[in-house]
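Participant: Fit chain B to the supplied structure of chain A, relying on the hints for placement.
One-letter residues, chain by chain:
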Amino acid sequence: MAAVSLDHGLILAAILFVIGFVGLLTRRNLIVVLACIEIMLNAAGLAFVVAGARWGRPDGQVMFLFVLAMAAAEVAVGLALAIRFQQSLGRLDVDDADEMKG
Amino acid sequence: MTTLFYIAAVVAVLATILVITRSNLVHALLYLVVSLFAVAVVFYTLGAPFVAALEVIVYAGAIMMVFVFAVMLLNVSADSPLRVPPSAWIGPLVLVAVLLAELIYGIGLSNHALQAGEVGPQQVSEALFGPYVLGVELASMLLLAALIGARHIAAQPEGPALEDPQLSGEEPDARADEGGEA
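Chains as they are written, first to last, in my numbering: chain A, 1 to 102; chain B, 1 to 182.
Any given hint could be a false lead.
Said to hold, decoys possible - Going by beta-carbon spacing under 10 angstroms, a handful of chain A positions derived as facing chain B:
no., residue
1, 7
2, 12
3, 16
4, 17
5, 19
6, 20
7, 46
8, 64
9, 66
10, 68
11, 71
12, 72
13, 73
14, 81
Hint data in this document are derived by calculation from the structure and do not stem from the laboratory. Here a beta-carbon is modelled for each residue, glycine too, at the ideal position from N, C-alpha and C.
Chain A extracted, bound-state conformation:
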């Protein structure tokens, strides 16, 4: 069961994080941007769990639970912002929000 090496788990987390980062840089839809942030948070949680499994300690899984709670909070506020964004600008393109006026 333990033949998976630590490096491969961490490399998987790095690859997932980087894919999420590419999406964050290239996509302009606000919902997709939020989904990419979820991918990156999930990859960070994966790195925590892999590091916890390295020493057989539960601390990595506890940190994943905190990441999970933070992701839930972030997505609630982010999607509320998306709804206001759509109501005030009519689309979900983040490039439309380049003017800060009250």
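Facilitator: For chain B alone, coordinates are given in the frame of chain A:
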């Protein structure tokens, strides 16, 4: 278990690539659900069954359901006009490839094997409500703040509308009624 880990890892990476390349928003979200399921299998093979269950229940269940709700509420499933041209992908891809190379170099190929056996829910709970109990309190405060903040942000603004009237439909009447009573 090792084979299962690598299969799930490949599925997770492929599904995540499809998430950021699909132009249809609903398809992208469904691929994200696939990716989260694959990561849950990865967690299981790493000996973390409790976190694997939470990944399915909270991430793939609750959080993605909120995403799908938002997509249906906003009626934005056809995303094609917002699609980025292919030339815009080149710069970020180059920079991020450098970042990935740095990350893998930083991880280093030391070939540590992971610890055998699984860390079950009992050990996780004892750690969570033992030394990490302050973190649990802070997480509850964070979730409460997110609840209040989301309700405040998504609520219709009071008084004169900030946005175009044609976007809100019948809402100006309702707001005028509220203002009159107040």
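Participant: Please go over all the hints and tell whether each is borne out by the structure.
Facilitator: For each hint, the structure was consulted:
Nearest Cβ of chain B to the Cβ of residue 7 (chain A): about 6 angstroms, under the 10 angstroms cut. The hint holds. Annotation: interface hint on residue 12 (chain A) holds; nearest CB of chain B at approximately 5 angstroms, less than 10 angstroms. For residue 16 (chain A), the shortest C-beta to C-beta distance to chain B is roughly 6 angstroms, which falls under 10 angstroms, so the interface hint holds. For residue 17 (chain A), the suggested interface contact is upheld, since its CB lies about 8 angstroms from the closest CB of chain B, less than 10 angstroms.
Taking 10 angstroms as the C-beta contact cut-off toward chain B, the hint placing residue 19 (chain A) at the interface holds, the least distance being around 5 angstroms. Using the Cβ-Cβ criterion of 10 angstroms, the hint placing residue 20 (chain A) at the interface with chain B is satisfied: the shortest such distance is roughly 7 angstroms. Restraint check, residue 46 (chain A) versus chain B: the minimum CB separation of about 6 angstroms is within 10 angstroms; hint holds. The interface hint given for residue 64 (chain A) holds, since its Cβ lies 5 angstroms from the closest Cβ of chain B, which is under the 10 angstroms cut-off.
The interface hint given for residue 66 (chain A) holds, since its Cβ lies 6 angstroms from the closest Cβ of chain B, which is under the 10 angstroms cut-off. At about 6 angstroms, the closest approach between the beta carbon of residue 68 (chain A) and any beta carbon in chain B falls short of 10 angstroms, and the interface hint on this residue holds. Interface restraint check for residue 71 (chain A): the shortest CB-CB distance to chain B comes to about 6 angstroms, inside 10 angstroms, so the restraint holds. This hint holds: residue 72 (chain A) has a C-beta 6 angstroms from the nearest C-beta of chain B, less than the 10 angstroms allowed.
Given the 10 angstroms rule on beta carbons, the hint for residue 73 (chain A) holds: about 3 angstroms separates it from the nearest Cβ of chain B. This hint holds: residue 81 (chain A) has a C-beta 6 angstroms from the nearest C-beta of chain B, less than the 10 angstroms allowed.
Checked against the numbered hints given earlier, the structure satisfies every one of them.
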